[in-house]
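A.B. asks: Residue numbers for the sequence shown follow the numbering used here, so the first one is 1 and each next one is one higher.
Incorrect hints may have been included.
[As the list claims (entries may be wrong)] Straight-line alpha carbon distances no greater than 25 Å define the calculated DMTMM-like cross-link-like pairs of lysine to aspartate or glutamate that follow: (1) Lys-21 to Asp-372; (2) Lys-228 to Glu-216; (3) Lys-484 to Glu-508; (4) Lys-100 to Asp-111; (5) Lys-164 to Asp-298; (6) Lys-500 to Glu-204; (7) Lys-377 to Glu-216; (8) Lys-228 to Asp-239; (9) Lys-377 to Glu-480; (10) Lys-435 to Asp-61; (11) Lys-512 to Asp-412; (12) Lys-161 to Glu-274; (13) Lys-100 to Glu-274; (14) Lys-377 to Glu-443; (15) Lys-283 to Asp-319; (16) Lys-240 to Glu-274; (17) Lys-164 to Glu-443.
[As the list claims (entries may be wrong)] With beta-carbon atoms standing in for the labels, derived distance ranges: (18) Met-483 to Met-82: 37 to 45 Å; (19) Ser-376 to Lys-66: 22 to 30 Å; (20) His-309 to Ala-419: 47 to 55 Å; (21) Arg-85 to Lys-316: 29 to 37 Å; (22) Glu-480 to Pro-260: 46 to 54 Å; (23) Ala-349 to Pro-479: 15 to 23 Å; (24) Arg-73 to Asp-434: 39 to 47 Å; (25) Asp-314 to Met-82: 47 to 55 Å; (26) Glu-274 to Ala-44: 26 to 34 Å; (27) Glu-187 to Ser-51: 22 to 30 Å; (28) Lys-435 to Glu-187: 33 to 41 Å; (29) Leu-43 to Asn-431: 34 to 42 Å; (30) Gly-140 to Pro-479: 51 to 59 Å; (31) Gly-94 to Asp-329: 51 to 59 Å.
Please keep in mind that the hints were generated in silico from the structure rather than gathered at the bench.
C-beta atoms are modelled at their ideal positions from N, C-alpha and C, and glycine is treated no differently.
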Amino acid sequence: MCDVESSIYLPLLEETGYMPKHRYAYGNELLAHANRMADTWGLADQGVFRSQIKSCEWDEDAKRWKVVIEQGRGPNEAPVTMTVRSQFVVLANGVLNHPKAPKNIEAFEGDMFHSARWNYNITGGDPSNLESPQLTGLEGKRVGIIGTGVTAVQLVPQLAKWAKELYVFQRTPSSVGEKGQRPMDPEEWKKIANGRGWQKRRNENFNIYLSGREAEENLVADGWTALKAYKAAIATPQDKPLGMADIPGHIGGLLAVDAPISERIRRRVDEVVEDKTTAAALKSWYPTWCKRPAFHDDYLPAFNLPNVHLVDTDGKGVDRATKGSLVVDGVDYPLDVVVLSTGYRAPAANMAEPSGVSSMTIKGRGGALLSDKWQSKGPSTLHGVLTNGFPNLFLTGPMQVGATPNYNSVQDTLSQHCAYIVAEAMKQAGNSTDKVVLEATIEGEEGYSGLHMQYAAWFAGVAICTPGYLNNEGEQAPPEEQMKMARGTPFPQGMNAFIKCLEDWRAEGSMKGVEVTV
Numbered sequence: 001m002c003d004v005e006s007s008i009y010l011p012l013l014e015e016t017g018y019m020p021k022h023r024y025a026y027g028n029e030l031l032a033h034a035n036r037m038a039d040t041w042g043l044a045d046q047g048v049f050r051s052q053i054k055s056c057e058w059d060e061d062a063k064r065w066k067v068v069i070e071q072g073r074g075p076n077e078a079p080v081t082m083t084v085r086s087q088f089v090v091l092a093n094g095v096l097n098h099p100k101a102p103k104n105i106e107a108f109e110g111d112m113f114h115s116a117r118w119n120y121n122i123t124g125g126d127p128s129n130l131e132s133p134q135l136t137g138l139e140g141k142r143v144g145i146i147g148t149g150v151t152a153v154q155l156v157p158q159l160a161k162w163a164k165e166l167y168v169f170q171r172t173p174s175s176v177g178e179k180g181q182r183p184m185d186p187e188e189w190k191k192i193a194n195g196r197g198w199q200k201r202r203n204e205n206f207n208i209y210l211s212g213r214e215a216e217e218n219l220v221a222d223g224w225t226a227l228k229a230y231k232a233a234i235a236t237p238q239d240k241p242l243g244m245a246d247i248p249g250h251i252g253g254l255l256a257v258d259a260p261i262s263e264r265i266r267r268r269v270d271e272v273v274e275d276k277t278t279a280a281a282l283k284s285w286y287p288t289w290c291k292r293p294a295f296h297d298d299y300l301p302a303f304n305l306p307n308v309h310l311v312d313t314d315g316k317g318v319d320r321a322t323k324g325s326l327v328v329d330g331v332d333y334p335l336d337v338v339v340l341s342t343g344y345r346a347p348a349a350n351m352a353e354p355s356g357v358s359s360m361t362i363k364g365r366g367g368a369l370l371s372d373k374w375q376s377k378g379p380s381t382l383h384g385v386l387t388n389g390f391p392n393l394f395l396t397g398p399m400q401v402g403a404t405p406n407y408n409s410v411q412d413t414l415s416q417h418c419a420y421i422v423a424e425a426m427k428q429a430g431n432s433t434d435k436v437v438l439e440a441t442i443e444g445e446e447g448y449s450g451l452h453m454q455y456a457a458w459f460a461g462v463a464i465c466t467p468g469y470l471n472n473e474g475e476q477a478p479p480e481e482q483m484k485m486a487r488g489t490p491f492p493q494g495m496n497a498f499i500k501c502l503e504d505w506r507a508e509g510s511m512k513g514v515e516v517t518v
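Whenever a hint applies, use it, and build me the whole structure from the sequences.
C.D. replies: Quick look at the structure:
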């Protein structure tokens, strides 16, 4: 189940005319809507599935990218390698696409899988019914789930319904607010989907509240929009950059705003969870911006069930596995099934270098590696989408773009911007569109990167956080690396300011910072 309201999370609702079934969409509805969009715009037969791009290399003479693709053909056939020539390449691989597992668990011989690779052969059920999954394969079994992040918060109530015993292994508790899931009411939908451009307006209204500000009306009015200090992670409009002397007061101000919000969330744990020791362990102790907050109506009540047991590892995680158990602090927990709800490689790892995130080699002009450019300079783009030396290559974040919990709205913003750049370049080319080459100028990307460095101190509040994906699991970087990382902050004035920055740039019309050749 998505944690962002479906009216703003599902893309192109206005264009497709679709009304979501619930306020928060389940995974099967997200898949159905993806297929709906593919069918609506004739993309259903354009996908190359079961495939991985191994490399992209720019051919200067042909003005094309040489793209090497490896397609899997199943367990009994060797993969097939294909090469295609593409005028443009868009890296749209997302940011949470490398599932990770804890160390020292290889000895476990029971059933084990990552939540991102759910195994219905083990659990029973099927992906067509995620509102009330029938996990009959877990009946009579001892199940362990490692992790208590936003995915685990959704899984625990469902696993608790079917497992004989459920052990929840916690490193760091999540902040869990109320969700208020309900079917979408058609009358309510008429008010939501009202007027041309309604989804964009609703998204921007959502962003106003996430930046710690208020509008005339809170259109979404959910748990997210109550988190006034979440701006610490995603920025807000600022009059001037912070100096080093300003940072202690800045962090103190954020903590003061966050304190009553965090206390209300911790108080809810006491109100719901009956066992006081369990309740104390389930309380988030860090600021709400440090980990993605969770919202769920059934997670905390699950710990009142007699078959659900919290194993709090006090920040250490599971020590190791034996053939039939997980071990924490010298205590064995015998299990039949282990679910790894342990998240993904931090997006900030290696400064989200695009070829590493997409697991491919990218060579631009003269055979230059994109990974080398990122390593030597840090993130270097114009608007987060173009980088000098790599013509006709479009990036899609997460570095140097606007940030919001609604990642799909970021991608929608970037998609429109990339489409404009290509269309404008084609217009300039006249009858020579097959020869168009475009890329960011050095001056353009350095000016844009400098803006991020100038305001990087705003994000100092992340430094006090518990290890997580926002701060690369707490890994400390040397000063020279920190300077590079400062180039890759989210857009420093917030998501709505990022949208306006791109809109103003397009309205100006000169494609400043982009060189187009034919």
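A.B. asks: For every hint, state whether the structure bears it out.
C.D. replies: Hint by hint, here is what the structure shows:
| no. | hint | in the structure |
| --- | --- | --- |
| 1 | Lys-21 to Asp-372 | violated (46 Å) |
| 2 | Lys-228 to Glu-216 | holds (16 Å) |
| 3 | Lys-484 to Glu-508 | violated (30 Å) |
| 4 | Lys-100 to Asp-111 | holds (17 Å) |
| 5 | Lys-164 to Asp-298 | holds (18 Å) |
| 6 | Lys-500 to Glu-204 | holds (11 Å) |
| 7 | Lys-377 to Glu-216 | violated (43 Å) |
| 8 | Lys-228 to Asp-239 | holds (18 Å) |
| 9 | Lys-377 to Glu-480 | holds (10 Å) |
| 10 | Lys-435 to Asp-61 | holds (10 Å) |
| 11 | Lys-512 to Asp-412 | holds (22 Å) |
| 12 | Lys-161 to Glu-274 | holds (18 Å) |
| 13 | Lys-100 to Glu-274 | violated (33 Å) |
| 14 | Lys-377 to Glu-443 | holds (14 Å) |
| 15 | Lys-283 to Asp-319 | holds (22 Å) |
| 16 | Lys-240 to Glu-274 | violated (48 Å) |
| 17 | Lys-164 to Glu-443 | violated (62 Å) |
| 18 | Met-483 to Met-82: 37 to 45 Å | holds (41 Å) |
| 19 | Ser-376 to Lys-66: 22 to 30 Å | holds (24 Å) |
| 20 | His-309 to Ala-419: 47 to 55 Å | holds (51 Å) |
| 21 | Arg-85 to Lys-316: 29 to 37 Å | violated (51 Å) |
| 22 | Glu-480 to Pro-260: 46 to 54 Å | violated (39 Å) |
| 23 | Ala-349 to Pro-479: 15 to 23 Å | holds (19 Å) |
| 24 | Arg-73 to Asp-434: 39 to 47 Å | violated (33 Å) |
| 25 | Asp-314 to Met-82: 47 to 55 Å | holds (50 Å) |
| 26 | Glu-274 to Ala-44: 26 to 34 Å | violated (50 Å) |
| 27 | Glu-187 to Ser-51: 22 to 30 Å | violated (44 Å) |
| 28 | Lys-435 to Glu-187: 33 to 41 Å | violated (54 Å) |
| 29 | Leu-43 to Asn-431: 34 to 42 Å | violated (27 Å) |
| 30 | Gly-140 to Pro-479: 51 to 59 Å | holds (56 Å) |
| 31 | Gly-94 to Asp-329: 51 to 59 Å | violated (36 Å) |
The structure does not agree with the numbered hints 1, 3, 7, 13, 16, 17, 21, 22, 24, 26, 27, 28, 29, 31 stated previously, though it agrees with the rest.
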